[in-house]
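Chain B: place on chain A using the hints.
Protein chains in written order, with my numbering: chain A, 1 to 101; chain B, 102 to 232.
Derived by calculation from the structure, the hints in this document are not laboratory data. Glycine included, C-beta positions come from ideal geometry on N, C-alpha and C. No false leads were slipped in.
Pairs of lysine-lysine residues, derived as DSSO-like cross-links and limited to a Cα-Cα distance of at most 27 Å, are as follows:
no. : chain 1 : residue 1 : chain 2 : residue 2
1   : A       : 93        : A       : 53
2   : B       : 126       : A       : 93
3   : B       : 169       : B       : 222
4   : B       : 126       : B       : 222
5   : B       : 222       : A       : 93
6   : B       : 169       : B       : 126
Okay, the calculated beta carbon distance ranges per label pair:
no. : chain 1 : residue 1 : chain 2 : residue 2 : range
7   : B       : 163       : A       : 12        : 31 to 41 Å
8   : A       : 25        : B       : 198       : 48 to 58 Å
9   : A       : 86        : B       : 222       : 19 to 29 Å
10  : B       : 185       : A       : 15        : 20 to 30 Å
11  : B       : 220       : A       : 89        : 14 to 24 Å
12  : B       : 102       : A       : 71        : 29 to 39 Å
13  : B       : 130       : A       : 51        : 35 to 45 Å
14  : B       : 199       : A       : 81        : 47 to 57 Å
15  : B       : 185       : A       : 86        : 35 to 45 Å
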Amino acid sequence: MMTLHIFNQGTHQTELLNKCLESLTPGDTLLFIEDGVIWTTSSPFDRLNKRLKVTGIDIYTLSEDISARGLESLRAETVQMVDYPGFVSLTEKHNHSISWF
Amino acid sequence: MIYSIVVYGAPHSSQAPYSAYHFIKSALAMGHSVYRVFFYHDGALNGSSLAVSPQDDNLLPDAWRKLKELHNMDLVICIGAGIKRGVINQQESQRYERQQHSLDDIFELSGLGQLVDATLKSDRVITFGAR
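Excised from the complex, chain A in its bound form (with noise of 0.2 Å):
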């Protein structure tokens, strides 16, 4: 059962991703929200996948907030964007969602 994890805290709450990173199963997607997309610059995503140890997770950040955060060009290249429009497909396609805060 694939989940769609959702995670809107800054890069301050790393146990917090810790916690999330370490309840990912292979299929499962991640989608970084509000000051969540923090972790989808560069250098916390370099952190972040070092800490990553399940394979086949696809990995979205949100446009509108990487956006409002002036982070455009920051962004690590790897990361997906999606807008609103792209989060809801991702939440058709998940039959579960857990928000991480």
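Frame of chain A, contents of chain B only:
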């Protein structure tokens, strides 16, 4: 699909109600329906009829009224969360012997059973959290 949304954050101090609103707008535009929005914890503060937003930041609470008028979804404030934060209707105001009530008439004050009911009757429940 039928969606329900849970909002944990207050306007102005959390992004949660704004994110929830944008998500709902997109979901409706894509042909989905929203059965209920459940406001929990500080999210109960979205239900105050006494809040006045500055003119340059006036998305909420008017946005909830427009959604309610156009799509007639349930907007439910958790009664326990509301009472603790001074978001109460006339009935609760009388019960607790207060002089005023503050709940906007587009919202209902009800219990966690409404959240359970929403999970049973919706294909998806999406939570917008706050600290």
